[in-house]
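The sequence shown begins at 200 in the working numbering and counts up one residue at a time.
Don't take every hint at face value.
Claimed, not checked - The calculated DSBU-like cross-link candidates involving lysine-lysine, where the alpha carbons are at most 35 Å apart (straight line), are:
1. Lys-335 x Lys-360
2. Lys-434 x Lys-351
3. Lys-335 x Lys-351
4. Lys-553 x Lys-504
5. Lys-504 x Lys-460
6. Lys-460 x Lys-434
7. Lys-335 x Lys-460
8. Lys-360 x Lys-434
9. Lys-504 x Lys-434
10. Lys-553 x Lys-460
To be verified - For each label pair, taking beta carbons as the anchor points, the in silico distance ranges come out as:
11. Asp-357 x Pro-464: 44 to 54 Å
12. Asn-309 x Tyr-463: 40 to 50 Å
13. Ile-375 x Gly-512: 29 to 39 Å
14. Asn-309 x Leu-554: 22 to 32 Å
15. Pro-464 x Arg-272: 37 to 47 Å
16. Asp-530 x Val-555: 39 to 49 Å
17. Gly-324 x Pro-280: 18 to 28 Å
18. Gln-390 x His-317: 24 to 34 Å
19. Gln-390 x Asn-475: 19 to 29 Å
20. Asp-338 x Asp-406: 10 to 20 Å
21. Asp-449 x Asp-406: 33 to 43 Å
22. Asn-276 x Asp-510: 37 to 47 Å
Calculated directly from the structure, the hints in this document are not laboratory data.
The C-beta atom is built at its ideal place from N, Cα and C for all residues, glycine as well.
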Amino acid sequence: MNSRHFFKNKVDFFLGSAILFSESSNSFGGICKPISFFQFGTSKKGKKMQPTLYAGTIGQSVWHSTDNGDTWRRVSNGLFPEADIRAIAVNPSDSDTVYAGTENGIFRTNNAAESWHHLPSPLDGKEVWSIAIDPKISDTVYAGTCPSALFKSTDAGDNWKQLDVDLAQECEGVPIIPRVTTFVIDPEDSQTLYAGIEIDGMRLSTDGGETWTERSEGLSSLDIHGLCVVPGSPKTIIAATNNDVCVTTDMGQQWTPLDVKSHYPWPYCRAAFFLNGDSGRVFIGAGNGPPGDQGGIFSTRDAGKTWDRADIGGTANSTIWTFAHNSKVNDFLIACSVSGQLYRSTDAGDSWTKLVHEFGEVRALAIG
Numbered sequence: 200m201n202s203r204h205f206f207k208n209k210v211d212f213f214l215g216s217a218i219l220f221s222e223s224s225n226s227f228g229g230i231c232k233p234i235s236f237f238q239f240g241t242s243k244k245g246k247k248m249q250p251t252l253y254a255g256t257i258g259q260s261v262w263h264s265t266d267n268g269d270t271w272r273r274v275s276n277g278l279f280p281e282a283d284i285r286a287i288a289v290n291p292s293d294s295d296t297v298y299a300g301t302e303n304g305i306f307r308t309n310n311a312a313e314s315w316h317h318l319p320s321p322l323d324g325k326e327v328w329s330i331a332i333d334p335k336i337s338d339t340v341y342a343g344t345c346p347s348a349l350f351k352s353t354d355a356g357d358n359w360k361q362l363d364v365d366l367a368q369e370c371e372g373v374p375i376i377p378r379v380t381t382f383v384i385d386p387e388d389s390q391t392l393y394a395g396i397e398i399d400g401m402r403l404s405t406d407g408g409e410t411w412t413e414r415s416e417g418l419s420s421l422d423i424h425g426l427c428v429v430p431g432s433p434k435t436i437i438a439a440t441n442n443d444v445c446v447t448t449d450m451g452q453q454w455t456p457l458d459v460k461s462h463y464p465w466p467y468c469r470a471a472f473f474l475n476g477d478s479g480r481v482f483i484g485a486g487n488g489p490p491g492d493q494g495g496i497f498s499t500r501d502a503g504k505t506w507d508r509a510d511i512g513g514t515a516n517s518t519i520w521t522f523a524h525n526s527k528v529n530d531f532l533i534a535c536s537v538s539g540q541l542y543r544s545t546d547a548g549d550s551w552t553k554l555v556h557e558f559g560e561v562r563a564l565a566i567g
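From just these sequences and the hints, can you work out the full model?
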């Protein structure tokens, strides 16, 4: 693939890698969004405001940090203290409103996690694996579950409807139940939606979820772990699968594998995240496959032709599950391993520092 057709601008890629997770009771959960040492905003009185990092864990509910991840406090009032949290999303218009996906439906807080309340819905009894909030109409919320199903609310989660989309309910020859691992709203057109299913490929909607089509032709695997859309080039999508990174420039009508295993021996890919900027960067979580025993961050500055390994002070203890970012501080990033290690960068991923604190199993992160 000609790299000038890959994106409109030069794009850098980052790969983080390591093992697939195992369930544990003292852990954090994982979809990352970045935290920052920089000013995120000011209060009405002009006082500097500190961002809040939320962490969802397997077996220990929701935690938060108000000092950039150095210390943590469990904030599970209204939740089960031992809840499994696989998805967290913060309302982009009101950072006090946060959604948490549990093993038994969805919860919401309207006071920055001081208390949570259950949202009765068709999601009850299902594991919630992904949550996405419309950046333009923040009362519109989407959720993906295990077993595979998609849901939509237009009143901030008070009421939900299941979307009409054909998704696999079992995996032939594989002892897992399909689940919607990633749900992405196009940053330029919030009617365009992308859902990645493990193990059932990608689904696309261009009408706010009313109708869906499968877009999986050419994928290296139907085992989709992560998706991201490149702003400014809305028909370019990146998919992280269990054996490669794939790209499409026509909204999934045809995918092209990047063949990352020809550049390094860790082809298991987990999360995909785009960092906007002068050059644009796509971050990918990857690893040596389950069970795996190594982790690191890799980068490419030529659309995947070559890869470099970042110096993170050693090897991560498990898969770099996801990367975190906040658009208000574009140079600040945080990456987490699924087994609880955190790495942060203050220069858009050029260098990384491992945080002192380590936790259990990380599955969901978000910034408020």
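Against the structure, the hints:
1. Lys-335 x Lys-360: holds, 20 Å
2. Lys-434 x Lys-351: holds, 23 Å
3. Lys-335 x Lys-351: Cα-Cα ~15 Å, so holds.
4. Lys-553 x Lys-504: With a Cα-Cα distance of about 28 Å, the restraint between Lys-553 and Lys-504 holds, given a limit of 35 Å.
5. Lys-504 x Lys-460: Judged against 35 Å, a Cα distance of about 11 Å means the pair holds.
6. Lys-460 x Lys-434: holds, 25 Å
7. Lys-335 x Lys-460: violated, 38 Å
8. Lys-360 x Lys-434: Holds - the C-alpha atoms of Lys-434 and Lys-360 are around 28 Å apart, at most 35 Å.
9. Lys-504 x Lys-434: Holds, at roughly 21 Å.
10. Lys-553 x Lys-460: holds, 26 Å
11. Asp-357 x Pro-464: 44 to 54 Å: With a Cβ separation near 49 Å, Asp-357 and Pro-464 satisfy 44 to 54 Å, so the hint holds.
12. Asn-309 x Tyr-463: 40 to 50 Å: holds, 45 Å
13. Ile-375 x Gly-512: 29 to 39 Å: holds, 34 Å
14. Asn-309 x Leu-554: 22 to 32 Å: holds, 29 Å
15. Pro-464 x Arg-272: 37 to 47 Å: holds, 39 Å
16. Asp-530 x Val-555: 39 to 49 Å: With a Cβ separation near 22 Å, Asp-530 and Val-555 fall outside 39 to 49 Å, so the hint is violated.
17. Gly-324 x Pro-280: 18 to 28 Å: With Cβ atoms ~20 Å apart, the hint holds.
18. Gln-390 x His-317: 24 to 34 Å: Holds, since Gln-390 and His-317 (Cβ atoms, about 29 Å apart) stay within the stated range.
19. Gln-390 x Asn-475: 19 to 29 Å: holds, 21 Å
20. Asp-338 x Asp-406: 10 to 20 Å: holds, 18 Å
21. Asp-449 x Asp-406: 33 to 43 Å: violated, 18 Å
22. Asn-276 x Asp-510: 37 to 47 Å: 40 Å Cβ-Cβ, so the 37 to 47 Å window holds.
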